[in-house]
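Engineer: On the provided structure of chain A, position chain B as indicated by the hints.
There are 2 protein chains.
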Amino acid sequence: MQDSAESVEETQQLLDQYSERLPQMLDWLSQFGRDPEGGVTRLLYSDAWLEAQQALSHWMEQEGLEASFDQTGNLAGRLEGTDLSLSPAAAGSHIDTVVNGGSFDGALGVAAAALALSYLQKAYGPPKRTLIALSLCEEEGSRFPLAYWGSGSITGIRSWEADGQLADKDGITLLDAARRCGFGPDSLYRIPSMKLQSYVELHIEQGFVLEKMGQQAGVVSAIVGQHRYEIHLQGEANHAGTTPMRWRKDALAAASQMIAVTREAALLAGDPLVATVGSVSSAPGVSNVVAGSVTFTLDIRHPDDVVLQQFADELLRRFIHIADTEGIRLAAAERLRAAAVPMHGRIVRELEHICQKRGLESRMMPSGAGHDAQILSVICPTGMIFVPSRHGISHNPAEYTEPEALKGGFKILTDMLYQLGYGSVDL
Amino acid sequence: MQDSAESVEETQQLLDQYSERLPQMLDWLSQFGRDPEGGVTRLLYSDAWLEAQQALSHWMEQEGLEASFDQTGNLAGRLEGTDLSLSPAAAGSHIDTVVNGGSFDGALGVAAAALALSYLQKAYGPPKRTLIALSLCEEEGSRFPLAYWGSGSITGIRSWEADGQLADKDGITLLDAARRCGFGPDSLYRIPSMKLQSYVELHIEQGFVLEKMGQQAGVVSAIVGQHRYEIHLQGEANHAGTTPMRWRKDALAAASQMIAVTREAALLAGDPLVATVGSVSSAPGVSNVVAGSVTFTLDIRHPDDVVLQQFADELLRRFIHIADTEGIRLAAAERLRAAAVPMHGRIVRELEHICQKRGLESRMMPSGAGHDAQILSVICPTGMIFVPSRHGISHNPAEYTEPEALKGGFKILTDMLYQLGYGSVDL
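In the order they appear, the protein sequences are chains A and B. So for the first sequence, my numbering puts the first residue at 55; every next one is plus one. So for the second sequence, my numbering puts the first residue at 55; every next one is plus one.
Bound-form chain A, shown alone:
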């Protein structure tokens, strides 16, 4: 196909046609695991999940892609390149959901990648570099206590040996559940492949920054690093009527100062730092007894690990000062420490360039949530594109992205895959 003005117009018309199919495809996918009251539940290795993966595989074959599963159950739809010396460029996401989730989180990235490859083949024929649409397993960690099982098994941080005996809430192990679907280390499927040139993921924002700013797309600069702590305060439970204020060791009064200070310090630090106390409980937890002990969670995120660490250190110092002043014993347990993952500079620039060329108003932004892209970043350059989430809602049946925004995101992903597969983007 020639790059004449006529053919450019034709391919753009074709792209418009394909982009129209994306909302329908998401609708089609959402029928697998549809909850009676609305919403979608597709837990890893469940019937709904397996049916969706199989239907996707069938769809890929129909569209002329070569579909295959690996041992884990990751589905790859391949558009074979002409230069086999080039390692493949991948795009995708996951189709597993949280319990009663929405139709967009994960599914968007999978559907858009598959549809993009179908379009590219139709518009441009075989690429130089092989392109792969990936539907990865258990990104959410909703059924088994391991998020990123699919992408983790590709990079090698997850394995049957280490994780196969993890059980779901009914006591079924990951291995048994996988075998039930025909996957597992003793199946005939291939072991997960670790050779990728790049990985690009289109995802809903799961926040309301794009909506609020009236922007159509976000180019992710980095996936934020995250520290999670559980803070335990030990004071003295005393009678609320008979204990004078100045002699109290009120764990909740101390906690409340810490929570207030957390918000204050995070506001002062400014975007993109976020710090959240989402859960607090006091004991004995009755109205007429001074709280003897309090436990609360602390979640801090920033795309720069150094800034994150400094903020966390300083905040915990202030907590200790408050505890000392109030005569309270403090214990801080680190529950999670995930390093920030910058997206690949060349991909980020290319995505920004694509947005400009297409006249899509975009912003550079960190991703406050984790994604498969952060896992795959250890084996290849990665990039992410966000589209707006209405009211920032995700993991909920009310999750929604406007069709226009979906189409915009699809075109950005498609252009990027064109550059990687047919162009000469050097990473």
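It should be emphasised that the hints constitute simulated quantities derived from the structure, not laboratory data. Just so you know, not all the hints are guaranteed correct.
Identical copies look the same in the list; a pair holds intra-copy or inter-copy alike.
To be verified - Derived SDA-like pairs (lysine to any residue); straight-line CA-CA distance at most 25 Å:
| hint | residue 1 | residue 2 |
| --- | --- | --- |
| 1 | 303 | 315 |
| 2 | 303 | 454 |
| 3 | 182 | 124 |
| 4 | 182 | 141 |
| 5 | 182 | 473 |
| 6 | 303 | 318 |
| 7 | 303 | 335 |
| 8 | 303 | 370 |
| 9 | 303 | 349 |
| 10 | 223 | 339 |
| 11 | 176 | 108 |
| 12 | 176 | 476 |
| 13 | 266 | 338 |
| 14 | 303 | 269 |
| 15 | 223 | 180 |
Structural biologist: Only chain B this time, still in chain A's reference frame:
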């Protein structure tokens, strides 16, 4: 008996002997409803409670008092006076306990009153004014959801008609439980009497002010008024990673400011004001979601209702200001409003005078907890004496008061009853 120096010495020796019996009597009482692991559980109309009341009744008869129950199950031990035109002076407390309570809360006031009457009769013969030792029912409200059932039935604020169908956690009604013990409106027992000249109650402090100040007794100036609120804050549950700080409506961040302000304002107001947030819960209550809603309790107490009201009003105004600033909706539900109950001035002065005469270091103090005395204050002048609670602990097997402090309190109560029964204290 004459008031000669010799007889004064004799009666004081006798009083010492009787005061020695008080710790033993508390020990004896604590056998009824003794929990296997320590502590005492005597719920209203339970076997343990009934056995204790009956044993007390028997004890009173043996000591020459005229014991009788009313329909409610209140036990009165009467030391008949010679002038029947004078209405009786009463002293007492309650023997019902919380689940796994201690041996002192309530029991002290009952045992001391009974022992005091026994002593007074032995030392001085019949009084002019009838004296009554009272063991009142269900002060705690531990079995049925009505505190002060015994004293309330005497004053008429409680009745079988209004409260008889209240049920315990097993669905047994107050009326059925009373009938099982032989009490109730259709029993042969008398209706509760409402004619008293005065009521004096000896009680453990249930706080650690006396212990901390090294004082042997407290003369209660007033039982504090109390306001209880449940505060509900409605913000917006959002993703902790993807929602910038400045766009959050974080109900827990707002609550924490309110809790911190509560403590700050109460410290500033100073003794005897106390304000407590004992319980807080956030929803959805997970570490990675900004709290969408928070509920917390607020308990404010002060012996002056005007001060209490002003403090509560001002604090709630500050809550509303914080809520407005944070974009949070606030709903404050009043859960309790109990007026402060001043003790009778003449009784208070007499108790202080007695402490001085006996060389007992005492302090005037409000009672931060509620007591039968506050209920009975609507029908007669009332007074209260506190003795130290070790570490301020009550409602717990570790509840403890030193024998010396028990004896001191007993002597104060006995002197007061002597004044009321044999002397010429005019109320």
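Engineer: Cα distance capped at 25 Å. Does residue 303 pair with residue 315 within a copy, between copies, both, or neither?
Structural biologist: both (19 Å within a copy, 16 Å between copies)
Engineer: Is it within, between, both, or neither for residue 303 and residue 269, if the alpha carbons may be no more than 25 Å apart?
Structural biologist: between (49 Å within a copy, 22 Å between copies)
Engineer: Give the relationship of residue 223 and residue 339 under a CA distance limit of 25 Å: within one copy only, between copies only, both, or neither.
Structural biologist: between (29 Å within a copy, 20 Å between copies)
Engineer: Up to 25 Å between alpha-carbons, please classify residue 303 paired with residue 370: within, between, both or neither.
Structural biologist: both (19 Å within a copy, 24 Å between copies)
Engineer: For residue 182 and residue 124, with the copy left unspecified, which applies at a CA distance of at most 25 Å: within, between, both, or neither?
Structural biologist: Cα proximity of residue 182 and residue 124: one copy only (24 Å, versus 100 Å across).
Engineer: When no copy is specified for residue 303 and residue 454, does a C-alpha distance of 25 Å or less occur within a copy, between copies, both, or neither?
Structural biologist: Only across copies: residue 303 and residue 454 sit 21 Å apart there, 47 Å inside one copy, limit 25 Å.
Engineer: Classify it for me, residue 303 with residue 318: is the Cα-Cα distance of at most 25 Å met within a copy, between copies, both or neither?
Structural biologist: Both ways: residue 303 and residue 318 sit 24 Å apart in one copy and 14 Å across, limit 25 Å.
Engineer: Checking residue 223 and residue 180: alpha-carbon separation at most 25 Å within a copy, between copies, both or neither?
Structural biologist: neither (45 Å within a copy, 75 Å between copies)
Engineer: Between residue 176 and residue 108, at a C-alpha cutoff of 25 Å, which is it: within one copy, between copies, both, or neither?
Structural biologist: For residue 176 and residue 108, the Cα distance is within 25 Å only inside one copy (23 Å; across copies 96 Å).
Engineer: Measure nothing new, just compare the shortest in-copy and cross-copy C-alpha distances for residue 266 and residue 338 to 25 Å and report within, between, both or neither.
Structural biologist: between (42 Å within a copy, 24 Å between copies)
Engineer: For residue 176 vs residue 476, is the C-alpha pair at or below 25 Å within one copy, between two copies, both, or neither?
Structural biologist: within (13 Å within a copy, 112 Å between copies)
Engineer: Taking 25 Å as the upper bound on the Cα-Cα distance, should residue 303 and residue 335 be classified as within, between, both, or neither?
Structural biologist: both (16 Å within a copy, 20 Å between copies)
Hint check: a violation occurs at hint 15 only; the rest are consistent with the structure.
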